[in-house]
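Here the structure of chain A is known, so what remains is to put chain B in place on it, guided by the hints.
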Amino acid sequence: MNLASPFSLAVIAIVALSLLGLPVGHAMIAGSVLYLWLAGLDIGTAAEQLLNGMYTSYVLLAIPLFILAAEFMNSGSIMDRLLRFCNALVGRYRGGLAHVNVLQSIVFASMSGSALADAASSGKLMQILMTKDGKYTPSFAAALTAASAVIGPIIPPSIPLVLYALISDTSIGFLFLGGVIPGLLIGIAQMGLIAYTARKKNFPVEPPVPLRELPRVTWQAFPALLMPIILLGCLYGGITTPTEAAAAAAAYALLASFLIYRSLGVRDVYNSLLASARITISIGMLIAGALVFNYVITIERLPQTLGTLLTSYQLSPLGFLLMANVLLLILGCFLEGTTILLVIVPVLLPTAHAVGIDPVHFGIVAVVNIMLGLITPPYGLLLFMMMRIADVPLKDLVRDVMPFLAAMLGVLALITLVPDLVLFLPRLMGYKG
Amino acid sequence: MFCAFLIQIVFRYFSSFPVGWTTELTVITWLWLVLWGAAFVIKEKEEIRFDLLSAAFGRRTRIALGIVAALALLVLYAASLPATYKYVAFMKVEKTSYLKIRFDWLFSIYLVFLVAVLARYSWILWQLLRGRDVHAPDPTKASSAL
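The listed protein sequences correspond, in order, to chains A and B.
With numbering that gives the first Met the number 0 applied, the first sequence closes on residue 432, and no number is skipped along the way.
With numbering that gives the first Met the number 0 applied, the second sequence closes on residue 145, and no number is skipped along the way.
Chain A on its own, in the form it takes in the complex (with noise of 0.2 Å):
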C-alpha cells in the first residue's frame, strides 16, 4: 500500500494524534476530515455520516443503558451480597479469596460491560480482604484483581463487542453468545492456576460457610443474580431487541437496587444517572469519530484492495488469525484499547472476511486481545488503575500478573484454534456461519 495515499496519511493521522493526547474520539475525526480534504471529495460527507449514523444507530443506544445497569448494581450492599455468595460456594478451598475474587468477577461481568468498572467497583474491597491480616500479598492480590477483571467485556454485555458490531455489522446477541465461553475458559484457567499455586505456596483457606447456610445466602444474593438472566432471557427468548434488553435491565438494576435492596437513595440515583451520562458522552464520542472512519474505510474500497493482495500471498485462514493475533497483543501493549479496537481492526476485518473467517469469531478474538492489552506493560489501564488502589509499585503488580497472563494467551490460543468454542453458543441459537 502506499504511504502517501490520502487513507495511509488518514489513519497516520489518527495514531499520530491520539499519541499527541488529542481525545480519541476527536483524532478520529480529524483524521477522517484529512482524508476527505486529501482525496478531494465534499469534507462535508463527515458531518454526513456522524449525523445520520448516529442518529439511525438504535442499538448502540444499549451502550449507555448497559452502563446504568451496572452503575446501579455496584452500590455497596449487593456487592457486599455477591461477595458473601461467592464466598459461601469457593471460599472453603485453598487460597478460598483468590478463587471468591475470580468468581466474583465472572459474575459482575454478567452484569457489566467493562473491565476498568469491574476493577473500579470491587478492586478497594477485595484488595482489603485478600490482605487483612497478611493473607496474600498486596501484590498478588492486585494483579489478580486486574487479571479477573478482563472477563468483564468478555462475557455478556460488553461494551468493546457493542463496538465491534458497529464496525463489523455483526449481531450483537450472536456476539454476547460467543463470549460466553471464551470468558468461562478464562475464569477457569485463572481458578486452575490459583488452585495450582495455591498448592505451593499454601495459601489459606476461608472459614467455611456451613452448607446449611447456602440457601440464605443465595436468597440474599438471588434478586442481583437475577439481572444477568433477565438480560439474556430478554435478549434470546426473542421478546425485544438488545436495546431494550438493555434498558429492562437498567430498569431492573434500578428497581433491585432502590427497592429490593434498598441501598440507593434519591440522591444516589441522581448521581449514578449523571456518572453514566458522563461516561456515555465520552464513549459517544468514539462512537462518531468510529462512524466518519469506518465511511472512510468504506469509500477507499479497501476490502477489495486487501482481497487481491491477500490472494496474491495466498494467506490461510489460521495463518493470518495467528498474524492478526500476534499485531494485536504487541499493539496492546503500547496502544489504548479503543485505538485498536476502532481503528486497526476495521482495517483487517476486510482481509479477515476475504480469507473466509466468521466475522463473530474474529470479534470475540479480538476483543480478548485488546482485553489482554488491558494488563500488557508498559501501557495497561487495568495495572495502573489497580497500582493507585492497592498502592504498589507497578514493577511487582507486573510480576504477580505475568503467570495469569499466560494462562489467559493459552486459553486465547484455544480459541483462535477452536473456533467451535466461540461459535457454539451462537450455532445453537441459530446463527447461520
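Please keep in mind that the hints were generated in silico from the structure rather than gathered at the bench.
Be careful, since some hints might not be right.
Okay, the calculated beta carbon distance ranges per label pair [to be verified]:
#, chain 1, residue 1, chain 2, residue 2, range
1, B, Ile100, A, Leu321, 49 to 57 Å
2, B, Phe56, A, His352, 35 to 43 Å
3, B, Ala88, A, Ile259, 47 to 55 Å
4, A, Gln313, B, Ile100, 50 to 58 Å
5, B, Leu80, A, Val58, 28 to 36 Å
6, B, Trp122, A, Val325, 24 to 32 Å
7, A, Leu254, B, Leu70, 45 to 53 Å
8, A, Ile228, B, Gly130, 31 to 39 Å
9, B, Phe56, A, Val204, 32 to 40 Å
10, B, Phe56, A, Val325, 26 to 34 Å
11, B, Ala115, A, Ser7, 54 to 62 Å
12, B, Phe56, A, Pro209, 55 to 63 Å
The C-beta atom is built at its ideal place from N, Cα and C for all residues, glycine as well.
Chain B only, in chain A's frame:
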C-alpha cells in the same frame, strides 16, 4: 449538566416501549446528549485519550506536542465548517417521520459542537502558548471505554 440529566431520564424510560415516536425521541436525545455533552459538559480530563507518550515526556516537549495537536485539530475542524454548514442547511428539505422535526434543526447540534470544540481548542492552544501545561498527566486516572 442538569439538561443532560433530564435528557437522560427521558431517553431511559421511554425506550422500554417500542413505539415509533419514542424510538425517534430516544435517538434524537442520544445524538444531542453526546454532541452537547462533548461540547459543553465534559472536562478535558474525562475524555478518552491515550497518554503514555505525553506522560513520558518532560513538560516542555509535552507542551510542544500539545500545540501541534491542537493546531492540527483547529485547522481540520475549521476546514470542515463551511461544508458542514452546507450539509446541515441542505437537510431542511426533510423532516423526521414521527415528530416532524426539520432535520436542519435536529442536526444543527453538530455545528454547535464544532464551534464549541474550536473555541475550546483555541483556548487550550492559547494556554499552551503561554506555557501552561494543560494536560499534566495523571496516569492513575484511567479513562477508557473498555
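Okay, the hints, checked on the actual structure:
no.: 1; hint: Ile100(B) - Leu321(A): 49 to 57 Å; result: holds, 50 Å
no.: 2; hint: Phe56(B) - His352(A): 35 to 43 Å; result: holds, 39 Å
no.: 3; hint: Ala88(B) - Ile259(A): 47 to 55 Å; result: holds, 52 Å
no.: 4; hint: Gln313(A) - Ile100(B): 50 to 58 Å; result: holds, 54 Å
no.: 5; hint: Leu80(B) - Val58(A): 28 to 36 Å; result: holds, 30 Å
no.: 6; hint: Trp122(B) - Val325(A): 24 to 32 Å; result: violated, 43 Å
no.: 7; hint: Leu254(A) - Leu70(B): 45 to 53 Å; result: holds, 50 Å
no.: 8; hint: Ile228(A) - Gly130(B): 31 to 39 Å; result: violated, 57 Å
no.: 9; hint: Phe56(B) - Val204(A): 32 to 40 Å; result: violated, 48 Å
no.: 10; hint: Phe56(B) - Val325(A): 26 to 34 Å; result: holds, 28 Å
no.: 11; hint: Ala115(B) - Ser7(A): 54 to 62 Å; result: violated, 31 Å
no.: 12; hint: Phe56(B) - Pro209(A): 55 to 63 Å; result: holds, 58 Å
Of the numbered hints given earlier, the model fails hints 6, 8, 9 and 11; all others are met.
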